[in-house]
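If you read the sequences in order, they're chains A and B.
Per this note's numbering: the first sequence = residues 923 to 1120.
Per this note's numbering: the second sequence = residues 923 to 1120.
Incorrect hints may have been included.
Since the list gives no way to pick one copy over another, a pair counts as held whenever it fits inside one copy or between any two copies.
[Said to hold, decoys possible] Capping the alpha-carbon separation at 20 Å, the derived lysine to aspartate or glutamate pairs in EDC-like fashion look like this:
| no. | residue 1 | residue 2 |
| --- | --- | --- |
| 1 | Lys1118 | Glu1101 |
| 2 | Lys1118 | Asp1043 |
| 3 | Lys958 | Glu968 |
Simulated from the structure, these hints should not be mistaken for lab results.
Number of protein chains: 2
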Amino acid sequence: MSRPNDPIDALIALMARLPGLGPRSARRAVLHLIRKRAALLRPLAEAMMAVADSARECLNCGNVGTEDICEICRSEARGNGLICVVEDVSDLWAMERANVFTGRYHVLGGTLSALDGVGPDQLRIPQLLTRLEAENVTEVILALNATVDGQTTAHYIADRLEGRVALSSLAQGVPIGGELDYLDDGTITAALNARKRF
Amino acid sequence: MSRPNDPIDALIALMARLPGLGPRSARRAVLHLIRKRAALLRPLAEAMMAVADSARECLNCGNVGTEDICEICRSEARGNGLICVVEDVSDLWAMERANVFTGRYHVLGGTLSALDGVGPDQLRIPQLLTRLEAENVTEVILALNATVDGQTTAHYIADRLEGRVALSSLAQGVPIGGELDYLDDGTITAALNARKRF
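Okay, chain A solo, but in the shape it has when bound (with noise of 0.2 Å):
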């Protein structure tokens, strides 16, 4: 099935670029999306072809939206004073389903890295100290993975702010639902740690 110019086998290809899918899935995706032509595949088009035109970073705090400055910076309610910091997009929208956060957001983009040459200045650090004064910014709550490299951000990022605002991160401990038994040593020794009173 290597046909050249062939628009189905290109379309395979391209969607096993797709996280998540390879060749074997994206082939099952395609045929079911031949199958499904007028209520799945061209809907489907359209709503990438939307995106690709609409899509873009806020200008702000690096959320994507369709419009430069995202619906979260535009929100005069969302403008609290508290700024949570978060790696990804993908974060956003994790803090965001969970419904409870009620500031803004400053996405920085990946993590610093020195083995991938990502450094402060790639990773909209300095963005998020002008916000600081231009939103008047009373506390940023550090949410980065529990990860080496996002702790190691978060220290950064930290130290970069000390004295000019309050600075939180999210509790480490058990997860709602959780069992001890399996839980890793590291969660145990946090949630030990910061044990509170009953």
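Fit chain B to the supplied structure of chain A, relying on the hints for placement.
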């Protein structure tokens, strides 16, 4: 993240309807696409539109392609009197990847199923009978899946074709690279019964 009319949310909802992608992996795929707007998202949208405009089922064999009669049915060289009957286009693609079969195909589009109300007329079986004379078929190879439904369908087709054309089916036995310890009883029984001189 349930804003009505947001193109990104709309795209995520459509992507989540692909086989192999759920809501989480659809979000991941869409973020990836937004990051690679020029390199992947736009080409993918265009490839989908091209397939939506051109893909159709071959009127002769049921394969998918971009013409009313598919490449394989158009090829004179493949009209060698052999027809390989498969359940689905994905099976046809698997046979073509093996690159060993030189005849034409007939895609049933499923298996007989009393429960789901799938009878012979839904399965392109009448068209198969028509092709026997029209294409001077000498042998029909039943390459249906080794499942109960597949084998039931194979027996039904064998009954219908008996005496009109030579019939064969794929051999059953130990797969290449297979280890006996990991094989089911049915496969071992089939392999033993069909043993051949060394």
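List, from low to high, the hint numbers that the structure doesn't satisfy. 2
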